[in-house]
Amino acid sequence: MLLIISQIIGVAAVALYLLSFQLKKRKQIVLATCLSNAFYVLQYVLLGAFSGAVMDFLTTVSSFFAAKKNDPRLRRYAKWIAASNLCLITAVGIALAIIRKDPIELLPIAGALFQTGGLWFENEQTIRKFGLCSAPFWLIYNFISQAYGAALGSVLAICSGVIAMIRYRKKEKSSACDATD
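With positions in the sequence shown counted from 1, the corresponding number in our numbering is that position plus 336.
Treat the hints as calculated values from the structure; they're not laboratory data. Heads up, some of the hints might be wrong.
In silico lysine-lysine, BS3-like type, Cα no more than 30 Å apart, as pairs [as the list claims (entries may be wrong)]: (1) Lys404 / Lys363; (2) Lys363 / Lys405; (3) Lys361 / Lys415; (4) Lys437 / Lys361; (5) Lys405 / Lys465; (6) Lys360 / Lys404; (7) Lys405 / Lys415; (8) Lys404 / Lys415; (9) Lys361 / Lys404; (10) Lys465 / Lys361; (11) Lys360 / Lys437; (12) Lys405 / Lys437; (13) Lys465 / Lys404; (14) Lys465 / Lys360; (15) Lys363 / Lys437; (16) Lys363 / Lys415; (17) Lys360 / Lys405.
Model, not experiment: these values are computed from the prediction.
Could you build all of it, start to finish, from the sequences and the hints given here?
Structural data, given as structure tokens:
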């Protein structure tokens, strides 16, 4: 029963992550990603995939700060906060991989770094590209961790990311052409 519940939670996480690729505004993308990560954390905890849970927890925290990076109280420190978050994810991930003595535990680090790193950019296309880069690392980790709903979600995230990038690229080119007419 726990496996079924964890897979349902994984599907909800996937739905939110896929939605993030289709959203137009940076703030909406970051919020959907943050909520998705929270569901992934819960799924990984239920599956006993501790490294994935920790990496997604750290990604959720970083996503929260990325969403607030233009807040006047944080703007001054945004680059420092981003660098600190990325270093923390790397250090904790490597420590977990060493403790668990399993190189597979390095996959969530790469996925979390791409996903989190992208959220600090202003350009929505750049955010999507980084999110797209994170998906293959999570795909492999999810499959190995038996998070099959999340693994399918990684495949769908790749498809959704490519579609969104093409869709918004066409709109940007169309807007540029309209402006020159």
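Each hint tested on the structure:
1. Lys404 / Lys363: Distance of about 9 Å is within 30 Å: holds.
2. Lys363 / Lys405: With Cα atoms ~10 Å apart, Lys363 and Lys405 stay inside 30 Å; holds.
3. Lys361 / Lys415: holds, 21 Å
4. Lys437 / Lys361: Distance ~41 Å between Lys437 and Lys361 Cα, so the pair is violated.
5. Lys405 / Lys465: Since the Cα atoms of Lys405 and Lys465 sit roughly 20 Å apart, the hinted pair holds (cutoff 30 Å).
6. Lys360 / Lys404: With Cα atoms ~17 Å apart, Lys360 and Lys404 stay inside 30 Å; holds.
7. Lys405 / Lys415: holds, 9 Å
8. Lys404 / Lys415: holds, 12 Å
9. Lys361 / Lys404: holds, 14 Å
10. Lys465 / Lys361: holds, 15 Å
11. Lys360 / Lys437: The given pair, whose Cα atoms are some 41 Å apart, is violated under the 30 Å limit.
12. Lys405 / Lys437: violated, 36 Å
13. Lys465 / Lys404: holds, 21 Å
14. Lys465 / Lys360: Since the Cα atoms of Lys465 and Lys360 sit roughly 14 Å apart, the hinted pair holds (cutoff 30 Å).
15. Lys363 / Lys437: violated, 38 Å
16. Lys363 / Lys415: Holds: Lys363 and Lys415 sit about 18 Å apart, inside 30 Å.
17. Lys360 / Lys405: Roughly 18 Å separates the two Cα atoms, so the pair holds.
Checked against the numbered hints above, the structure breaks hints 4, 11, 12, 15 and satisfies the rest.
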